[in-house]
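Go ahead and model the full structure; you've got the sequences and the hints to work with.
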Amino acid sequence: EDKVVQSPLSLVVHEGDTVTLNCSYEVTNFRSLLWYKQEKKAPTFLFMLTSSGIEKKSGRLSSILDKKELFSILNITATQTGDSAVYLCAVEAGAQKLVFGQGTRLTINP
Amino acid sequence: GAVVSQHPSWVICKSGTSVKIECRSLDFQATTMFWYRQFPKQSLMLMATSNEGSKATYEQGVEKDKFLINHASLTLSTLTVTSAHPEDSSFYICSATQGAGAASGNTIYFGEGSWLTVV
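First to last, the sequence lines map onto chains A and B. The letter at position 7 of the first sequence is residue 196 when you use our numbering, and the numbering goes up by one with no holes. The letter at position 9 of the second sequence is residue 33 when you use our numbering, and the numbering goes up by one with no holes.
Because the hints were derived from the structure by calculation, they are not lab data. Mixed in with the good hints, there may be bad ones.
Stated by the list, open to error - Taking lysine-lysine pairs in the DSS-like style, the calculated list, with each CA pair at most 30 Å apart, reads:
{"no.": "1", "chain 1": "B", "residue 1": "Lys90", "chain 2": "A", "residue 2": "Lys256"}
{"no.": "2", "chain 1": "A", "residue 1": "Lys257", "chain 2": "B", "residue 2": "Lys90"}
{"no.": "3", "chain 1": "A", "residue 1": "Lys192", "chain 2": "B", "residue 2": "Lys79"}
{"no.": "4", "chain 1": "A", "residue 1": "Lys192", "chain 2": "B", "residue 2": "Lys65"}
{"no.": "5", "chain 1": "B", "residue 1": "Lys90", "chain 2": "A", "residue 2": "Lys192"}
{"no.": "6", "chain 1": "B", "residue 1": "Lys88", "chain 2": "A", "residue 2": "Lys192"}
{"no.": "7", "chain 1": "A", "residue 1": "Lys257", "chain 2": "A", "residue 2": "Lys192"}
{"no.": "8", "chain 1": "A", "residue 1": "Lys246", "chain 2": "B", "residue 2": "Lys65"}
{"no.": "9", "chain 1": "B", "residue 1": "Lys90", "chain 2": "A", "residue 2": "Lys229"}
{"no.": "10", "chain 1": "A", "residue 1": "Lys229", "chain 2": "B", "residue 2": "Lys65"}
{"no.": "11", "chain 1": "A", "residue 1": "Lys229", "chain 2": "A", "residue 2": "Lys245"}
{"no.": "12", "chain 1": "B", "residue 1": "Lys88", "chain 2": "A", "residue 2": "Lys230"}
{"no.": "13", "chain 1": "A", "residue 1": "Lys245", "chain 2": "B", "residue 2": "Lys65"}
{"no.": "14", "chain 1": "B", "residue 1": "Lys38", "chain 2": "A", "residue 2": "Lys230"}
{"no.": "15", "chain 1": "A", "residue 1": "Lys230", "chain 2": "B", "residue 2": "Lys90"}
What the hints assert, rightly or not - Output of the computed footprint for chain B on chain A, the stretches with three or more beta carbons under 8 Å from beta carbons of chain B:
{"no.": "16", "stretch": "213-224"}
{"no.": "17", "stretch": "229-236"}
{"no.": "18", "stretch": "287-299"}
The C-beta atom is built at its ideal place from N, Cα and C for all residues, glycine as well.
This is how it looks when you write it as structure tokens:
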């Protein structure tokens, strides 16, 4: 059975801190790994990773994939209160079909 | 603006009634759409894959007679929750993409989601 596991499930830090969110997976037909940010409604896309070792970066957020060890991390530096959200990791297992992790609920305190 | 539209955003229904949720791709044709449900503070769980012109493929544990999916056209899929019960109260969300998936360079678009409350 395809499985995606995120850790930690919940994280509370102070504004300005750096956080690292983890995602490990076991799927039979890996195509890509995606990170999403979910606030109140639909998830918003952050990154899509297909190759090991190539860092994707967008402002204070960055992500990397290790296909040998089957995990990915999402880093957020200099966190701001607006970064508070649930961060979802999903693996595309088969065309378009996404298997989601449980999510990490990140709270940034001022 | 949204490229996948979901309607209604919020719906409250009485126990025992049926509720229909629509998912439309606005600027592209989607031969495949996906339906997820999300309980509070939990992740998205794939319910079924909706295929245009054919029967939906349901994930293990999802009752196909309870969650009816119809993909009548290349831009519309509907999810009908039949004989709804309070435990069906959840956030339902659809997704669609133009081509063969994210790994092929196609963005997976999500609808805005529908909150269903069964009283």
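Point to revise | Hint check against the structure, violated hint numbers in rising order | key: 1, 2
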